[in-house]
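Undergrad: Listed below are the residues making up each chain.
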Amino acid sequence: GQQVMQIPQYQHVQEGEDFTTYCNSSTTLSNIQWYKQRPGGHPVFLIQLVKSGEVKKQKRLTFQFGEAKKNSSLHITATQTTDVGTYFCAGLRSNDYKLSFGAGTTVTVRA
Amino acid sequence: DTGVTQSPTHLIKTRGQQVTLRCSPISGHKSVSWYQQVLGQGPQFIFQYYEKEERGRGNFPDRFSARQFPNYSSELNVNALLLGDSALYLCASSPDLNYGYTFGSGTRLTVV
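Chains as they are written, first to last, in my numbering: chain W, 1 to 111; chain Y, 112 to 223.
Don't take every hint at face value.
Cβ pair distances, simulated, as ranges [what the hints assert, rightly or not]:
| # | chain 1 | residue 1 | chain 2 | residue 2 | range |
| --- | --- | --- | --- | --- | --- |
| 1 | Y | Glu186 | W | Arg60 | 38 to 46 Å |
| 2 | Y | Pro172 | W | Ala103 | 15 to 23 Å |
| 3 | W | Ser30 | Y | Thr116 | 26 to 34 Å |
| 4 | Y | Gln129 | W | Thr77 | 47 to 55 Å |
For the record, the hints were derived by calculation from the structure and aren't laboratory data. Since we're looking at a predicted model, the values are computed, not measured. By construction, the Cβ of each residue, glycine as well, lies at the ideal position given by its N, Cα and C atoms.
Modelling step: build the complete structure from the supplied sequences, incorporating the hints.
TA: Next up, the structure:
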């Protein structure tokens with residue numbers, strides 16, 4: 001079955017620094033979605049990437065979809081305390097529209 | 112416009128019992144999916160319904176079943192509860208099959 005892997009599992013960041021989290025799928029995806037879950041909360045949709053090589057930005061967040069549509073990355077610049085939480089990528093298969101989540105990258109921020 | 116609503120928010124059940132969880136999607140959303148999230152892990156896919164038909168099922172035993180009603184609301188049933196079924200159960204809706212999901216706040220199920 002489809003596997004969606006995320007690294008790193010944990011990211012400890014100094015406030016103001018940048019970091020990147022990576023997502024890889026064992027199969028080609030129809031699209032890839034990113035979600036953020038705050039401690040004690042539920043996943044909140046951030047963005048969806050559909051096209052090969054697509055890059056989208058949301059303020060300090062930059063999302064990229066690989067050329068082969070099997071990998072993705074999320075880059076956060078100038079990390080703030082509001083960025084604390086777990087970031088999940090989720091890959092949508094084109095044959096059955098099953099959305100599979102990675103294990104997430106949990107981000108903590110040192111002030 | 113209200114978001115995805117789930118009930119109950121918390122539930123404590125005994126091993127062997129049965130439980131029904133309920134979900135109301137955002138108005139106009141035709142797709143409803145159920146996920147199980149264990150602490151420290153990503154959501155695991157259980158079921159997806161679209162236009163009242165089951166479109167996908169994850170690697171869960173037959174003790175898990177679900178359905179979608181004509182008004183697009185959905186129920187998840189779990190029979191013969193095990194301790195390992197303790198988790199946050201999330202319902203998510205989307206307008207169609209290719210869109211991002213809006214998740215509800217979840218039902219926290221504890222099996223003792």
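Undergrad: Compare the structure with each hint and give your call.
TA: Here is what the structure says about each hint:
1. Y:Glu186 / W:Arg60: 38 to 46 Å: holds (40 Å)
2. Y:Pro172 / W:Ala103: 15 to 23 Å: Because 22 Å falls inside the window, the suggested range holds.
3. W:Ser30 / Y:Thr116: 26 to 34 Å: Once the Cβ atoms are compared, 28 Å apart, the range 26 to 34 Å for Thr116 of chain Y and Ser30 of chain W holds.
4. Y:Gln129 / W:Thr77: 47 to 55 Å: holds (49 Å)
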